[in-house]
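Student: Each chain, written out:
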Amino acid sequence: MDLAFSRDDIAFRDEVQAFVRTNLPQDVAQKVAHGKHLERDDYMRWQQALGRKGWLAYTWPKKHGGPGWSVTQRYIFENVCADLNAPGIIPFGSKMVGPVIYTFGNEAQKQRFLPGIRESTVWWCQGYSEPGSGSDLASLRTRAVREGDHYMVNGSKTWTTMGHWADWIFCLVRTNPDAKPQEGISFLLIDMKTPGITVKPIIMADGGHEVNEVFFDNVRVPAENLVGKEGEGWTYAKFLLANERLGIAAVPQSKRGVEALKQIARSETSGGRKLIEDQEFRNRLADLEIQVTALEYTELRALSAMAGGGAPGPEVSFLKIRGSEIQQRITELAVEAVGYYAMPYQPALLWHGANEEPIGPEYAHVAAPRYFNARKTTIYGGSNEIQRNVISKMVLGL
Amino acid sequence: MDLSYSDEQKQIKEGVERFVREQYAFETRRKIAATDRGWLPENWAKFAELGWLGMSFSEDDGGFGGGMVETAILMEAFGSGLVLEPWLPTVVLGGGLLAAGGNAAQKEALLAPMIAGEKQFAVAWVEKQSRYNLADVAVTAKRNGSGFTVSGHKGVVYNAASADTIFVTARTAGGQRDEKGITVFAVDARSKGITRRDYPTQDALRASEVTFDNVSVGSDAVVGQVDNGLALFEDTIDRAIVAVCAEAVGCMDALNKQTLEYIKTRKQFGVPIGKFQVLQHRMVDCFTNAQEARSMTLMATLKIDDADAVTRKKAASGAKVQIGKSGKFIGQSAVQMHGGMGVTDELSVSHYFKRLTMIDTMFGSPQHHLTRYGSLSMAA
Numbered sequence: 016m017d018l019a020f021s022r023d024d025i026a027f028r029d030e031v032q033a034f035v036r037t038n039l040p041q042d043v044a045q046k047v048a049h050g051k052h053l054e055r056d057d058y059m060r061w062q063q064a065l066g067r068k069g070w071l072a073y074t075w076p077k078k079h080g081g082p083g084w085s086v087t088q089r090y091i092f093e094n095v096c097a098d099l100n101a102p103g104i105i106p107f108g109s110k111m112v113g114p115v116i117y118t119f120g121n122e123a124q125k126q127r128f129l130p131g132i133r134e135s136t137v138w139w140c141q142g143y144s145e146p147g148s149g150s151d152l153a154s155l156r157t158r159a160v161r162e163g164d165h166y167m168v169n170g171s172k173t174w175t176t177m178g179h180w181a182d183w184i185f186c187l188v189r190t191n192p193d194a195k196p197q198e199g200i201s202f203l204l205i206d207m208k209t210p211g212i213t214v215k216p217i218i219m220a221d222g223g224h225e226v227n228e229v230f231f232d233n234v235r236v237p238a239e240n241l242v243g244k245e246g247e248g249w250t251y252a253k254f255l256l257a258n259e260r261l262g263i264a265a266v267p268q269s270k271r272g273v274e275a276l277k278q279i280a281r282s283e284t285s286g287g288r289k290l291i292e293d294q295e296f297r298n299r300l301a302d303l304e305i306q307v308t309a310l311e312y313t314e315l316r317a318l319s320a321m322a323g324g325g326a327p328g329p330e331v332s333f334l335k336i337r338g339s340e341i342q343q344r345i346t347e348l349a350v351e352a353v354g355y356y357a358m359p360y361q362p363a364l365l366w367h368g369a370n371e372e373p374i375g376p377e378y379a380h381v382a383a384p385r386y387f388n389a390r391k392t393t394i395y396g397g398s399n400e401i402q403r404n405v406i407s408k409m410v411l412g413l
Numbered sequence: 039m040d041l042s043y044s045d046e047q048k049q050i051k052e053g054v055e056r057f058v059r060e061q062y063a064f065e066t067r068r069k070i071a072a073t074d075r076g077w078l079p080e081n082w083a084k085f086a087e088l089g090w091l092g093m094s095f096s097e098d099d100g101g102f103g104g105g106m107v108e109t110a111i112l113m114e115a116f117g118s119g120l121v122l123e124p125w126l127p128t129v130v131l132g133g134g135l136l137a138a139g140g141n142a143a144q145k146e147a148l149l150a151p152m153i154a155g156e157k158q159f160a161v162a163w164v165e166k167q168s169r170y171n172l173a174d175v176a177v178t179a180k181r182n183g184s185g186f187t188v189s190g191h192k193g194v195v196y197n198a199a200s201a202d203t204i205f206v207t208a209r210t211a212g213g214q215r216d217e218k219g220i221t222v223f224a225v226d227a228r229s230k231g232i233t234r235r236d237y238p239t240q241d242a243l244r245a246s247e248v249t250f251d252n253v254s255v256g257s258d259a260v261v262g263q264v265d266n267g268l269a270l271f272e273d274t275i276d277r278a279i280v281a282v283c284a285e286a287v288g289c290m291d292a293l294n295k296q297t298l299e300y301i302k303t304r305k306q307f308g309v310p311i312g313k314f315q316v317l318q319h320r321m322v323d324c325f326t327n328a329q330e331a332r333s334m335t336l337m338a339t340l341k342i343d344d345a346d347a348v349t350r351k352k353a354a355s356g357a358k359v360q361i362g363k364s365g366k367f368i369g370q371s372a373v374q375m376h377g378g379m380g381v382t383d384e385l386s387v388s389h390y391f392k393r394l395t396m397i398d399t400m401f402g403s404p405q406h407h408l409t410r411y412g413s414l415s416m417a418a
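Residue numbers (my numbering), protein chains in the order written: chain F, 16 to 413; chain S, 39 to 418.
Rather than coming from a laboratory, the hints here were simulated on the basis of the structure. Hints are supplied without guarantee of correctness; some may be wrong.
Stated by the list, open to error - Reference listing, derived: stretches of chain S covered by chain F, where coverage requires no fewer than 3 residues with Cβ under 8 angstroms from a Cβ of chain F: (1) 163 to 171; (2) 224 to 238; (3) 313 to 323; (4) 375 to 383.
Ideal Cβ placement from N, Cα and C applies to all residues, glycine included.
Turn these sequences into a full structure, and let the hints steer you where they fit.
Tutor: Pasting the structure below:
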């Protein structure tokens, strides 16, 4: 066992730092540093820079065009990116559908779809949840009926994150309504420009638009866009969700969040002193930092096991539970830290980067919207109630 | 001992609940929030007509002789419908300052027309550096002949854009955080030298940053005593704390009702999600939290007029701590149990959650009041 990085790891870290410093657009880094909303183009400029370097699909093996990094290198890469205020990589392409395609897709699909994912020239979104199917995903009802060389798709998806920016959607659809719920599901890739698709925004509690409903009305999808076998979609979905749950711990983001909180507490005053000198607030911040450290070392243990050839197991659910709770706690403390200046609501500044003076300190106007928005983290990707069920059943055998 | 409402109080309760039911459907509220003012003059006229604006003021002051119990009844109903009309700044804060500290002339010139629905108020005390310390006052009021000149900046002043009079705490003597040397002034909102930056708040109310640039006021603008305004102001804030606690209780009950209904009807895995024990226990904790919040609010409602200042302060701080704890638990739980729908703007759940979050900060966070309570209770 050794906590220290090797000389090679340190050289690698320096290389990543140099790349990020040169290639991360400064305006994007500024937005991330201040917790602001990013536009499609902000993500694209950064992801395409990574794509040109061959680092966007950084979890992929070499044979599919990834860098073939070790888990240590991935960890270093993620932390350097977060430290330097790079936006999080949108997972739908490189972390979700990409691995499904190179693991279960055919040669033609790999040729056709993987380059656009690696280079971030195509924006993907995820068509999983439906209005009636949240935690109980297998009850989904969007129907795909095989008609000759295509499928006819009817139904609707919801909570489609950034669906309004997407070029393609990967969907779980029901191809066999007579089979058991999990067995009648297939995995389809659908071009968002196909006639019959409508995207309707869902406005969130913080006033922002990031998720959507997507409606399918007699949408013709070529049969060649079926990934793997018809009726095997649930297997691919579970494979994908396991990957999703790993990144969802958001350790580097939470570490950055704690540092940002310290900065706020150094600027804010209470009774004529800096808030960071307030013993009570300081204790809560310290407690949070310890929670993040416990999460980080849990993730390192999981990564180390994976480096030894293991696959992420059900314990990954625990990372999601604690990761999401900690993300929420950070936003909660930020609201407390900024006091009354959590109250002004400045949607133009928040959502459209308008050239408008913040009412309070720069960091204050984002505090409450982020707190409201972060409530989603214990709901999405399998609610924390579901994650606890998974652990009780799969890990504890209850 | 009798903790039940009188017949008169029951009538008020039924009346205000009817108002909320008939005039404050959630989609109506959305439309009201989107108007220029952010509240409806028709509603305000109705409040005056029904006698609500004067309900909690003494008959000598032109009111109807009620007190904090009546205020709490109204506020709880307002909370249940997320009512937007500027009751808290006008009636509870501004009206409260006048009732407790105003002289006969001020009551006649300001309180009487407020009770008639003709005047609205805002109260300015927050400063960028002050956080929850009411004595941290950098805005100055310097003697100027027989009057004063007020200068400085106040933040997050609710209802300043609609107010006819802005009550402001200013330093007339002493250092920036001295308890002595603070004076409360009633300033005409249209006075020369006042500039505002107006904005909506997270919970769809309206507030402003207000700058006083050498604003001249006469000596008749002083509410209470020169240099000794803090006690009056703190007492008024403590009364307002009880009022927002009652509002929060209304929010919590509305949330619990909706959440309970939702988990009984929303089906996953072939059964209503309320059949899952983890949600049952959480719902029970929501219920318990609401009960505790109601109990502490009732305690504070009844003790806020106590002759002993320490008793009054402890009552307000104790209730605020409980409301913070219960409001956060119930707000977060309601969102969680509604799943994705709880995080949307479409359902009212997130709007109650936002209001409870702002109430948590308003007049001091639970941590602030825990510390205050502790020093009052352990001092011996």
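Student: Now, for every hint given, state plainly whether the structure supports it.
Tutor: Status of the hints after comparison with the structure:
1. 163 to 171: n = 6 at 8 angstroms, threshold three: holds.
2. 224 to 238: Holds: 3 residues of the region 224 to 238 of chain S have a Cβ under 8 angstroms from chain F.
3. 313 to 323: holds (count 3)
4. 375 to 383: holds (count 6)
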